[in-house]
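Following the hints, position chain B against chain A.
Chains A and B are the protein sequences, given in the same order. Quick note: the first sequence uses my numbering, first residue 1, plus one each step. Quick note: the second sequence uses my numbering, first residue 185, plus one each step.
Treat the hints with care, since some could be wrong.
[To be verified] Simulated restraints on C-beta separations:
id: 1; chain 1: A; residue 1: Asp165; chain 2: B; residue 2: Arg223; range: 36 to 46 Å
id: 2; chain 1: B; residue 1: Ile233; chain 2: A; residue 2: Ile112; range: 19 to 29 Å
id: 3; chain 1: B; residue 1: Gly253; chain 2: A; residue 2: Pro52; range: 21 to 31 Å
id: 4; chain 1: B; residue 1: Ala206; chain 2: A; residue 2: Gly88; range: 35 to 45 Å
id: 5; chain 1: B; residue 1: Ala206; chain 2: A; residue 2: Ile32; range: 15 to 25 Å
id: 6; chain 1: A; residue 1: Ser133; chain 2: B; residue 2: Val250; range: 39 to 49 Å
id: 7; chain 1: A; residue 1: Gly151; chain 2: B; residue 2: Gly253; range: 29 to 39 Å
id: 8; chain 1: A; residue 1: Glu87; chain 2: B; residue 2: Leu209; range: 38 to 48 Å
id: 9; chain 1: A; residue 1: Glu87; chain 2: B; residue 2: Ile252; range: 14 to 24 Å
id: 10; chain 1: A; residue 1: Glu87; chain 2: B; residue 2: Leu200; range: 45 to 55 Å
id: 11; chain 1: A; residue 1: Ala19; chain 2: B; residue 2: Leu262; range: 24 to 34 Å
id: 12; chain 1: A; residue 1: Ile112; chain 2: B; residue 2: Ile252; range: 16 to 26 Å
id: 13; chain 1: B; residue 1: Ile252; chain 2: A; residue 2: Gly151; range: 45 to 55 Å
[Unchecked claim] Below 27 Å or equal to it, Euclidean Cα-Cα: the simulated DSSO-like pairs (lysine-lysine) are:
id: 14; chain 1: B; residue 1: Lys204; chain 2: A; residue 2: Lys59
id: 15; chain 1: B; residue 1: Lys241; chain 2: A; residue 2: Lys22
id: 16; chain 1: A; residue 1: Lys123; chain 2: A; residue 2: Lys102
id: 17; chain 1: A; residue 1: Lys102; chain 2: B; residue 2: Lys230
id: 18; chain 1: A; residue 1: Lys22; chain 2: A; residue 2: Lys177
id: 19; chain 1: A; residue 1: Lys22; chain 2: A; residue 2: Lys115
id: 20; chain 1: B; residue 1: Lys230; chain 2: A; residue 2: Lys115
id: 21; chain 1: A; residue 1: Lys22; chain 2: A; residue 2: Lys123
id: 22; chain 1: B; residue 1: Lys230; chain 2: A; residue 2: Lys22
id: 23; chain 1: A; residue 1: Lys115; chain 2: A; residue 2: Lys102
id: 24; chain 1: B; residue 1: Lys241; chain 2: A; residue 2: Lys115
id: 25; chain 1: A; residue 1: Lys22; chain 2: A; residue 2: Lys102
id: 26; chain 1: A; residue 1: Lys177; chain 2: A; residue 2: Lys123
id: 27; chain 1: B; residue 1: Lys230; chain 2: B; residue 2: Lys241
id: 28; chain 1: A; residue 1: Lys102; chain 2: A; residue 2: Lys177
In short, the hints are calculated from the structure, not lab data. Glycine included, C-beta positions come from ideal geometry on N, C-alpha and C.
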Amino acid sequence: MFPSFVENPQNCSFEGQDADEKILLLLRAHPITNLSWIISAFLLVLLPFLIPSSLFFLKVDTSFLPPLYGLVLAVINYLLVAVIVFEGFLYWYFNVFLVTDKNIIDVDFNSILFKNIDMAPLKNIEDVSSSISGLMQSIFHYGNVFIQTAGAARNFEFNNVSQPDRVADFILDQSHKINNSPNL
Amino acid sequence: MTALTFDNIVNSAIFLLFVKGAVLLILIFYAIFALLIIRQVDLMVKTLITPVSPVLKVLAIVNATVAIGLIILVWGVL
Numbered sequence: 001m002f003p004s005f006v007e008n009p010q011n012c013s014f015e016g017q018d019a020d021e022k023i024l025l026l027l028r029a030h031p032i033t034n035l036s037w038i039i040s041a042f043l044l045v046l047l048p049f050l051i052p053s054s055l056f057f058l059k060v061d062t063s064f065l066p067p068l069y070g071l072v073l074a075v076i077n078y079l080l081v082a083v084i085v086f087e088g089f090l091y092w093y094f095n096v097f098l099v100t101d102k103n104i105i106d107v108d109f110n111s112i113l114f115k116n117i118d119m120a121p122l123k124n125i126e127d128v129s130s131s132i133s134g135l136m137q138s139i140f141h142y143g144n145v146f147i148q149t150a151g152a153a154r155n156f157e158f159n160n161v162s163q164p165d166r167v168a169d170f171i172l173d174q175s176h177k178i179n180n181s182p183n184l
Numbered sequence: 185m186t187a188l189t190f191d192n193i194v195n196s197a198i199f200l201l202f203v204k205g206a207v208l209l210i211l212i213f214y215a216i217f218a219l220l221i222i223r224q225v226d227l228m229v230k231t232l233i234t235p236v237s238p239v240l241k242v243l244a245i246v247n248a249t250v251a252i253g254l255i256i257l258v259w260g261v262l
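Just chain A, same shape as in the assembly (with noise of 0.2 Å):
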């Protein structure tokens, strides 16, 4: 439902796209990089289940707090997972790699109202490197793409993405085919 590897994607587009240009690659981070906002929400909807208990355990006397309260603190608790499932997938969803038939395109937002996009021509790509490093990224198949580009422009780095060798081939082969056509 929510590829992190997309091959030309369909009813998808981006601010600042040209009217001829097409989306040939839309990449995310890697499902499992999303495991640790996960395990947080899933440990926080334990919590008003585990509370009582421990205060039982503890022996605290709760008994003049009215049971409205522990209502409360608990709806309190669930919004609180709710913020934290919806930012951690805001920021998946929203994070990605673009790579359409002219640039390279960085989206990032990186906190709360800030936004970074980095673009970069196909053409000035010179080189394109992938790296999968540790038990993690080996198990999933995923990892780090480092593009260098050509002059002062800034060099691109896309973490976390799945098959990194086949998104730096692909860069490399779209790369190629823009050097080398005519009209250039």
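Chain B only, in chain A's frame:
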């Protein structure tokens, strides 16, 4: 278990008032954060336009509405 004395009743009433204040403060901060999330989602869906975008916008608005509604509810109920 503690005995039900006048001091205990006053102390627990002050404590409950403190809890109510703290809960309201948390909910007000949450509501502000929820409103910021609406702006954030707006920014995100304008940057990457996908079929999921309207759903996420609605979810953000529902979240903020619930947060504001909860402030009113807690103010009245607690």
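Hint check results:
1. A:Asp165 to B:Arg223: 36 to 46 Å: Taking Cβ atoms as reference, aspartate 165 of chain A and arginine 223 of chain B lie about 38 Å apart, which means the hint holds.
2. B:Ile233 to A:Ile112: 19 to 29 Å: At roughly 20 Å between Cβ atoms, isoleucine 112 of chain A and isoleucine 233 of chain B fall inside 19 to 29 Å, so the hint holds.
3. B:Gly253 to A:Pro52: 21 to 31 Å: holds (26 Å)
4. B:Ala206 to A:Gly88: 35 to 45 Å: Between alanine 206 of chain B and glycine 88 of chain A, where Cβ atoms are some 26 Å apart, the hint is violated.
5. B:Ala206 to A:Ile32: 15 to 25 Å: violated (37 Å)
6. A:Ser133 to B:Val250: 39 to 49 Å: holds (42 Å)
7. A:Gly151 to B:Gly253: 29 to 39 Å: Distance hint for glycine 151 of chain A, glycine 253 of chain B is violated at roughly 54 Å.
8. A:Glu87 to B:Leu209: 38 to 48 Å: Given a distance of about 21 Å, which is not inside 38 to 48 Å, the answer is violated.
9. A:Glu87 to B:Ile252: 14 to 24 Å: Taking Cβ atoms as reference, glutamate 87 of chain A and isoleucine 252 of chain B lie about 19 Å apart, which means the hint holds.
10. A:Glu87 to B:Leu200: 45 to 55 Å: Given a distance of about 32 Å, which is not inside 45 to 55 Å, the answer is violated.
11. A:Ala19 to B:Leu262: 24 to 34 Å: violated (56 Å)
12. A:Ile112 to B:Ile252: 16 to 26 Å: holds (18 Å)
13. B:Ile252 to A:Gly151: 45 to 55 Å: Holds, since isoleucine 252 of chain B and glycine 151 of chain A (Cβ atoms, about 51 Å apart) stay within the stated range.
14. B:Lys204 to A:Lys59: holds (24 Å)
15. B:Lys241 to A:Lys22: holds (26 Å)
16. A:Lys123 to A:Lys102: Since the Cα atoms of lysine 123 of chain A and lysine 102 of chain A sit roughly 8 Å apart, the hinted pair holds (cutoff 27 Å).
17. A:Lys102 to B:Lys230: holds (21 Å)
18. A:Lys22 to A:Lys177: Holds - the C-alpha atoms of lysine 177 of chain A and lysine 22 of chain A are around 15 Å apart, at most 27 Å.
19. A:Lys22 to A:Lys115: holds (22 Å)
20. B:Lys230 to A:Lys115: This hinted pair holds, its Cα atoms lying about 11 Å apart.
21. A:Lys22 to A:Lys123: holds (16 Å)
22. B:Lys230 to A:Lys22: holds (18 Å)
23. A:Lys115 to A:Lys102: holds (22 Å)
24. B:Lys241 to A:Lys115: Roughly 17 Å separates the two Cα atoms, so the pair holds.
25. A:Lys22 to A:Lys102: holds (8 Å)
26. A:Lys177 to A:Lys123: holds (9 Å)
27. B:Lys230 to B:Lys241: Given pair lysine 230 of chain B, lysine 241 of chain B holds - Cα atoms ~11 Å apart, limit 27 Å.
28. A:Lys102 to A:Lys177: holds (11 Å)
This entry does not satisfy hints 4, 5, 7, 8, 10 and 11, going by the numbered hints stated previously.
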